[in-house]
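Construct the complete structure from the given sequences, taking the supplied hints into account.
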Amino acid sequence: MERRPVHHVSLLLVEDNPSDAELTLRVLGKHRLADRAYLVRDGAEALEFLFATGRYASRDARDTPRVIFLDLKLPKVGGLEVLRAVRSDPRTRMVPVIVLTSSREAQDIADSYRLGVNSYVVKPVDFGAFERTVVDLGRYWLRLNEPPD
Amino acid sequence: MDAPLRILILEDVPTDFELIRYELRKARLEFEAIRVDTRAGFIEALQRFRPDLIISDYTLPSFDGLEALRLTRAMAPGVPFIIATGSINEETAVGVMKAGAADYVIKNNLVRIGPAARGALERSRVERAKEEAEAALRKSEANLQAIFNNSLQGFILADRDGSVLAFNRTASRWATIVAGRELDEGLGLFGLLAPDDGAFLRNRFGCALAGESITFEREVRCRDGAGRWFEFSCVPVRGGDGAPTGVAVSILDIDERKRAAEALRQSELRFRSLVQNSSDIITVLDLDGTIRYASASTERILGYPPTALVGTNVLGYLHPDDAAVLLPAVTRPPETLPEEGRLEFRFRHADGRWIDLEAVGSNRVADPIIRGIIVNARDVTERKQAERQLRESEERYRDLFENASDLIQQVAPDGRILYVNPAWRAALGYDDEEIARLSVLDVVHPASRAHAETVLRRALAGEALEQVELMLVTKGGRTITVEGNLSGTFKEGRPVATRGIFRDITERKRAEQELRAFAAKLERSNRELEDFASVAAHDLQEPLRKIQAFGDRLRASAPQLDAQAQDYLRRMQEAARRMQALITDLLSFARVTTRGDRLARVELDDVVREALADLEFLVEQCGGRVELGPLPAIEADPVQMRQLFQNLISNALKFHRPGEPPVVRIDSERLPPAEGSEVERCRIRVRDNGIGFDPKYVGRIFNIFQRLHGRGDYRGTGVGLAICRKIAQAHGGDITASSAPGEGATFVVTLPVRQER
Amino acid sequence: MAGPHPPLTILWADDDPDDRLLIQEVLAGSRWRHRVRFVEDGEELLEYLCHRGRYADRRSAPRPSLILLDLNMPRRDGREVLAEIKADPRLRDIPVVVITTSRAQEDVDRSYRLGVSSYITKPASYQELVEMLEVLSRYWGDFVRLPSNEHGG
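Chains as they are written, first to last, in my numbering: chain A, 2 to 150; chain B, 585 to 1341; chain C, 6 to 158.
Simulated from the structure, these hints should not be mistaken for lab results. Note that CB positions come from ideal geometry on N, CA and C, so glycine has one too. A hint or two may mislead.
[What the hints assert, rightly or not] To give a feel for the contact side, a few chain A residues facing chain C, derived at Cβ under 10 Å:
id, residue
1, Phe52
2, Leu81
3, Val100
4, Arg115
5, Gly117
6, Asn119
7, Val122
8, Arg140
9, Tyr141
10, Leu145
11, Glu147
12, Asp150
[Claimed, not checked] Away from chain C, derived, C-beta distances all over 10 Å, residues of chain A:
id, residue
13, Ser11
14, Arg37
15, Ala53
16, Gly55
17, Arg56
18, Asp61
19, Ala62
20, Pro76
21, Val78
22, Gly79
23, Glu82
24, Arg85
25, Pro125
Dropping the structure here:
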């Protein structure tokens, strides 16, 4: 049966660079795409959020975000580790994860796809291009794409 | 002497023989004598004649006296031998005497033969007596020695200092037990023992040395640490002057005896205390009822000390009714009384109360020692009281049973029916006579029989079963279903019956079954509907999508179409869009069949905020405002809750008055549980300041596809509120609305805070 | 940003001739620069990918960089084909995006479980279709880095 799942958090943004994070959220907000977006600053916090431990022990881990935008170069726990954890837990296995990173290394791309990323996006350096990319990402994943339950 | 002496005379000269006989007779000896003169004759005479005295010539032609003496010594020692010879020198005489002759007589002086014979016989007799005495002594000593050594009593002879002089085997064994070593001569007796035992023995030993014979028992501490009882006797041993020179100590192991005696004493003590403290009363009655003995317990139980009872007649204390029953027993001839009998009677306590006693009487009239009746009685007042109460209660219950509409039965363990109430008889159609012949299983439907056997067995094993459901068959062959409780009745721990209280639920079962069948049908139909809706969602939408898309293409690729054609196209596409909306909403409505499978704790605050986030655009568009009061957390399906509030809020925003921005207020309050439930509820109000509606439509606005306004005025399919009602009802709640035209509308949702499963 | 990537080969499986017509009209009318190959059912999709039947000539069937997959198709439907693609080590790296009319959550969840990169429902109007294809093109064609084509075409 058709049934629209509830995702109390639409987007989990895992980003340690404050200016990138701010810009991303601001662009999404401008296009009405940022409602219920949530920012975490490192991989450890991302895992605590997703699996409802530590600071986020009162969350329900089954209440997954609609999509995760994941930077790779993160303090404490790296992005690939977060991806591996997300893909190996039945509660989060199906959540779309988009790697959004400045790395264009073939190894990172290959590792990300091997670990099951939904797509791998390189952050454009140019401000205008970055904004367009974020808008398209938001439209694609928060509007066009049907999220899993 | 009784018998005449037999005298053997070895003499080759017959006259000498006569002379000797003559002289012996002169000496007044009573004798018979025979004469031999050869070696062979001598030997034969020794064996056959067995002489008491031998008189022998010294020299014989073929024999001689010394040889004869030697033979005599060998063959008949102890027989005195006198040599009578014609001549003998001093030297020969000494030799003869040395060889063992008793005497010698010169034939010229035969007159001396008489005294010599007498003397020899006398000496021989003395000698023999001495020998016998010595032999007897030897034998006696040996016996004593044997006794001494083998006695189970230990003997130790000790000198004045307590040094061991002699001891027997038992004494040595005793030393081994007590001191771990055997006895030795010279060993100090007291040092063998533990210090306090040694000192004690030394003290008693001293008394014996002072001339006193002492016997005492003492538990001696042995080397292994255990105490062991011995009986000691210390007897003075006196020397020639009568003064004690030592002490004879005899020791007897009495440990077992002592312990047995101790055990007996303890057991006696216990028994005595048992009798004295026993709740049983023990009395001995004479045949006429006179109390001859009463145990101490009478004071506690009956209020009379035994001394007050003894000598009085038991009949005087009994309840008149019971005395009348007992009287014949008392007055019957004793031979006709049974050996043992059980009685129950009431005995008046010293304070006037009646004590219920249960007694067992033993007829001991024939017992020469007792010659009476021993009565053991026990206070059973409490039990009797309980029994009386039980009886009364049972009577009350029986009354209840007789009038009950439930089917009540009491069944013996073997299945016989002991009791059924009128309702049971009426339901199953049997009369009393038939019931008496029935086993309970006879009325159980075959399909229920195995179950019936199981529950009956469990009830008899002590289980109290509830909601036992059985199918029974009436006498008329009709099957009825009963449900009830089954439990066992026990007497002294043994099951004596099962008691069942059942209710005829045949009608209810039938209704249940019909309901189940109906529910299954409904579920099937719902499933089919859902499947249909799912198929419709896909297959009905496809053509509509195409109408839309190609309509778009048509408009884009044919700008030359005139205004009327454009309008037709627009209407066609609008109709397709509406159809699509209808299908989508219809699907949503169809989906809300149950409260969902995702019950969780839902913070309604959050749910409403999320719904508002989704409606943000709509709120902005109409310039409205939503005021949100605190909302509770409830157990619900979160998706459906969000849909419920989204529908209500968008509904409230939609029907705003033209030109007046909508204001929606949401608040809540707690409600007590509904009737028949224990779950608290909450009431949530969604109020708006919109156009409201005529109260006469209140019954219709929650119906599906119900629209109160033209499509031109307010868009919508008329499904939203129907979905709201469905969601509320699926959660065990409801929704109502109130309004008047132009006054705004208030929607009130009532939901339980917890879902009952 | 190092400029647009080279044009992609996109393999699109859809049995609905109306939709294929509409899509082709959109592509023709836009600045669409990618190569789109259509197959009409799941069976044909597998023939293409595995070079069987009419696609035996490898040159006629270059390895796609992206597969767009309808679910409800005759012969072998999209769910079945998706499972087969993701089970094949030579094919599993190709991103698959489901584009279907089914909005059933069961289909969505199952598709993600089987490893789709994304799930998109077909838009109702032509304009929405245009927008969808624009987003798709920019997203997959311009800024997503796809895994390298390590298994060859």
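Outside-interface status for valine 78 of chain A - nearest CB in chain C farther than 10 Å: holds, 22 Å
Minimum beta-carbon distance criterion (10 Å), phenylalanine 52 of chain A to chain C: violated, 19 Å
Hinted contact valine 122 of chain A with chain C - closest CB pair below 10 Å: Check passed: Cβ of valine 122 of chain A comes within 5 Å of chain C, closer than 10 Å.
Interface exclusion of proline 125 of chain A relative to chain C, criterion Cβ beyond 10 Å: violated, 4 Å
Non-interface label on proline 76 of chain A, tested against every C-beta of chain C at 10 Å: With a cut-off of 10 Å, proline 76 of chain A remains clear of chain C, as the shortest Cβ separation is near 23 Å.
Non-interface claim for arginine 37 of chain A versus chain C (Cβ beyond 10 Å): holds, 19 Å
Minimum beta-carbon distance criterion (10 Å), leucine 81 of chain A to chain C: violated, 15 Å
Non-interface label on serine 11 of chain A, tested against every C-beta of chain C at 10 Å: Nearest chain C Cβ is 15 Å from serine 11 of chain A, so the label holds.
Satisfaction of the valine 100 of chain A interface hint, Cβ to chain C closer than 10 Å: holds, 9 Å
Interface hint for glutamate 147 of chain A, Cβ within 10 Å of any Cβ on chain C: holds, 4 Å
Beyond 10 Å from each Cβ of chain C, as asserted for glycine 55 of chain A: holds, 27 Å
Beyond 10 Å from every chain C Cβ - status for arginine 56 of chain A: holds, 28 Å
The earlier numbered hints that this structure contradicts are 1, 2, 25.
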